[in-house]
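K.L.:
Using the sequences and the hints given, assemble the complete structure.
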Amino acid sequence: MKRAMSRKQAAAVAKTADTNGQAPPVDASGQPAPTSEAPPAETNGKVIAPAAAPDAPAPSTEPDDLPEPTFEHADDHPAYKLLVMLADLRITVVLFVLSLLLVFWGTLAQVDNGVWTVVAKYFRSLFVFVPLKVVFFNTLENSDAVIPFPGGWLIGGAMFVNLLAAHAVRFQLTWARSGILLTHAGIIVMMIGEVITGAAAQEANMVIMIGQTSNLLVDNRTCELAIIRNLDDRKDDVIAIPARRLATGATVDDGKLPFKIDVEEFMVNTKLFDAKSKKPDMKGFGRVHLAEAAPEVSGVDPNQRVDMPSVYLKLSTRDGKSLGTWLFSTKFGEQLQWIEVDGKKYQIILRFKQTSLDYDLHLNDFKHDLFPGTQTPKDFHAYVRLIDPANNVDRPVEIYMNAPLYYRGLTFYQSSWTTDERTGKANGTILQVVSNPGWLLPYISCGIVGVGLLMHFGLSLYRFLERRTVV
Amino acid sequence: MNATNLKKYMPYLAALIALAYFGFYAYTARPRKSAPAGEFDYYNFGRIPVIDGGRQKPIDTVARSTLMIITHRQSFYDYDEKKPTRHAATKWLLDVLITPPTSGEMFPEVLFVNRGADQPSWSHKVFRIENDELLRMLNLEMRDGLRYSFNEIVFDAQGAVRQQFRVYLLELRRAKQKDAKNHDLLESKVVELYDHLQLMNRLSAHMAPLVIPNADGTDQWKTFADAANRFGARTTELPDGPDAKTYEYYRALLQHYDRGEKAAFNHKLAEFLKYLEAEGRMGRADLEVFFNEFAPFYHCLELYVVLALVTGLSWLSPDWSDPVRRSAFAAMSVTFVVHTAGLILRMILQERMFVFVTNLYSSAVFIGLGCVFVCLIVEWIFHNGIAIVVGSATGFCTLIIAHILSLDGDTMIMMQAVLDTNFWLATHVTCITLGYTTAFVAGGMGIAYIFLGLFTDKLRGDGSANLTRMTYGVLCAGMFLSFVGTVLGGLWADYSWGRFWGWDPKENGALLIVIWIALILHARWGGMVKHRGVAVLSVLGIIVTSWSWFGTNFLGVGLHAYGGAKGAAMAALILIDLGFLAIAGLGCLPLEMWQSFRQDVPAQPPGAPAPMLPSAPPGAITPAAS
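Chains as they are written, first to last, in the numbering used here: chain A, 1 to 471; chain B, 1001 to 1626.
In short, the hints are calculated from the structure, not lab data.
Incorrect hints may appear among the rest.
[To be verified] Reference excerpt, derived from the structure (chain B facing chain A, CB under 8 Å, subset only): (1) Phe1127; (2) Ile1129; (3) Gln1220; (4) Met1479; (5) Phe1483; (6) Val1487; (7) Tyr1495; (8) Leu1512; (9) Phe1580; (10) Leu1581.
Please read all numbers here as calculations on a predicted model, not as lab measurements.
For glycine and all other residues, C-beta sits at the position ideal for the given N, C-alpha and C.
P.N.:
This is the structure in structure tokens:
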């Protein structure tokens, strides 16, 4: 392997030497020339020479302690050899194939899973275990067999390294290369943007009924078990346990909690029935309701509903006394269940994760128009009053499609509406609230890559046409 | 005129013929003052503006799009006479409008002569039933065209409901109880026929379209049935206002038509249209009627297939291939202009300038236009006729797809609120569709490469390198367009709901195209593939692109639902893609089987075992180093 590499390098060196003294030959792509495995071939008596290799390392990339770097030096340096290996275009192509498969499977997986589950499993992960069913284009029936595959972070990271190595090895500041350079710089910006989004972006919903005021953000992608104790009329003591700690079989035993929790079953999505429980130690709503696991809402479902999680918990006191089995479900809405431990009353609820803003939105009115004679929405319009006494803000705002409200780092988008069950008319708005510190990067990236590609392909075309006219 | 002269002037001749061809159809579609004596003025009846599907349109469009759904044509034929005669869609509509509805709808039936089962619209053979199981269930013989009349489907010779139709209704009830997702082929066809019957019935019951404007001028129009309920059969003392006035005219028209009073009908119609014009209510109805009648895309389709065939055949004669190529270029340019004009007309009708694509149908039309445009440029640079064949073939195929898509009804639907922004439609959608375009053109060139290489000598010498250069150039444009288009889509999403990239199926589909083109270009730059490899990969690119364009729409379709309407479309897509896969497979045949690269080429180094294609310089559009 080592030898082969060296010989290839040597060949490149020889070729570069051939063209020394002439104008630097730059190939149309600005990418490295094909490796010289194929001998020069003759067609119709015309010799088509293999192109000179512009991938000869430029001196500028060499360490400073090599005053006059020759190609032999570069070839021998192990770090450089490693770099050359990492910069191999074959790796690039393999990575493209892998990402192609990952994106494709990640699309197919959305038939059975919600889009956010897929994003977490496939695209924001190092490894993913792809079910065999998905591997074979959903043509197999469900089975438990999976194949391991590199996830989005891994492939993206490898592309990042490959790209940086390629530019380290082949860096040239020429007009012909500048397009490629810009394009790849833009791609890197976009990758960084996606990393920031994956790590830091937050989305939540805000539901406000007409005539009401709210500051509550609800993230209906994650839920939490809240244990609330009234301290006095105005203050509550709330302990929230995030859903990830409530996996089936888990135990939550924390000194802050008044009791120990054993998770009997956690369901991502639930069907709820009215049925008497057969379990003798069932307490609370669970005595008359039965929860059954329902399939996750599919990522390709045209009317995107929300997963409604539920959980069966066994509660017991610290000294081991059973407090019974309880059913908590987001399907119970805001209905709380009471439990008394050591003479103290606690309210427990499984709810979507909530945060509150330190300012309020008041919904004055909501308009919802359809195209005449159809059910196609034409316009939604939320007439909102923004009230932030701390900043002396109290102004009316209209939020509608493609016209969000930007306020203090958050963006409020008109997303959906609630309907009155009796009249069927809209009686409230659902706003999508987003904060994403990386939101600007894709815009920048788009511009850079667009200009880069235009420059690169434009120059190639120009040179090509010019040569044709000369011929 | 001798052959040399003919060859010289052939391009002009071709352009003239193409112009005359379109001119003829434009002339027959022209607005006309009145109908020939002794006939109902169907053309001008079609100009009456109504609201349907959320937008104002001429009633002609309603008639055509309804017929398109039930009979797959914009007109219908009378088969009873010896020679089938073609009738306007508006004639069918008028016949339907004077037919009493078949069930339970409130309607003042007293207005019309009661003919029992002897309704003219019931004897028009317009219901297309292509499923043989359904035909057997209804005990209908399989006939040419597969079109049946309401009478044939429902009634026996004595005018009683047929036993078979009762069986059908039972089947229908069973199918309706199931979730549409789980329908098998027969069930979906049973429901489909019912939907088509209902479509006609709704027109008969005047529950659609909205023909009576609102008195206060808003777009909350009423149906004729609503107005009839309100105004009743009164002929005098109607209140003053556009609604009562329109109701009066419209009712009079239907009554005249029902009684067969041609002159009175035409006279009333002229009066009505004059009134509408005076009120300024015609909008763009006239233009749309002309557009419907002209059907520019349909005629472009016809010319494209002719051009592809003629240019391809001309390669058989080296003497004529060049003049034919130049002529085809001229005719294709004319067709391109008409194709463009058609899209511009559409934009005017939809009042969305620079928004080429608003739905799947227009994306197909626009992709066709893009393919032709790209190929005209490539042909202008390379002069070898391959781009003519590829361009007209892709133009033809995409317009066929557009035609199939138009079977769903009106092609100018209103946009959902979230999509209703001209800026993003004009930028993102245009870019992404042009990205599809380039991928299809590159794929077409790949197919050309494989077939020309396998079966002809055209790729000898410079041929191979030139064709690869063409493909490469198109791929580069595709890289730019699909990347920018995809990212613009993300920016739109960020702007509209704060999420740049959500990994949803459509976004992923677009990303796949970007990755695929990037893969081809990098594999080429890295020397991993050469001419033939680029061709094969480009053909596979068609599959990737068709997935993004159509495949993602089928994702929600369950496995067992291959029979349903969506399932059938999905099966068709899979079959077509398998075809492209097979072509790509052909491209992988050993080189000694390729006519263009056989070993008996004198320039090949002797004894070289099945060499790869002549290696070209990196970046296909760099010519050979001297």
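K.L.:
Is the interface hint satisfied for valine 1487 of chain B? The criterion is a beta-carbon contact with chain A at less than 8 Å.
P.N.:
Interface hint status for valine 1487 of chain B: holds (4 Å vs cutoff 8 Å).
K.L.:
Should the hint that phenylalanine 1483 of chain B touches chain A count as held when the rule is a Cβ pair under 8 Å?
P.N.:
At about 6 Å, which falls below the 8 Å cut-off, the nearest Cβ of chain A leaves the hint on phenylalanine 1483 of chain B intact, so it holds.
K.L.:
So, as I understand it, the hint says tyrosine 1495 of chain B touches chain A; can you test that by seeing if any CB pair is closer than 8 Å?
P.N.:
Result: holds, 7 Å to nearest chain A Cβ.
K.L.:
Hey, does the leucine 1581 of chain B contact hint survive, CB to chain A under 8 Å?
P.N.:
With Cβ-Cβ at 13 Å, over 8 Å, it is violated.
K.L.:
Is the shortest C-beta separation between leucine 1512 of chain B and chain A less than 8 Å?
P.N.:
Constraint on leucine 1512 of chain B satisfied, holds at 6 Å.
K.L.:
Would the stated hint for phenylalanine 1580 of chain B survive a check requiring a Cβ distance to chain A of less than 8 Å?
P.N.:
violated, 16 Å
K.L.:
Taking 8 Å as the limit, does the beta-carbon of glutamine 1220 of chain B come near enough to a beta-carbon in chain A?
P.N.:
Hint on glutamine 1220 of chain B: holds, closest Cβ of chain A at ~6 Å, below 8 Å.
K.L.:
Does isoleucine 1129 of chain B hold up as a contact with chain A if the rule is Cβ-Cβ below 8 Å?
P.N.:
Hint violated; isoleucine 1129 of chain B Cβ to chain A Cβ min 28 Å, cut 8 Å.
K.L.:
Restraint: methionine 1479 of chain B near chain A, CB-CB cut 8 Å. Satisfied or not?
P.N.:
holds, 6 Å
K.L.:
Does phenylalanine 1127 of chain B pass the interface hint, meaning its C-beta sits closer than 8 Å to a C-beta of chain A?
P.N.:
violated, 25 Å
Figure legend: structure checked against the earlier numbered hints; hints not met, in rising order: 1, 2, 9 and 10.
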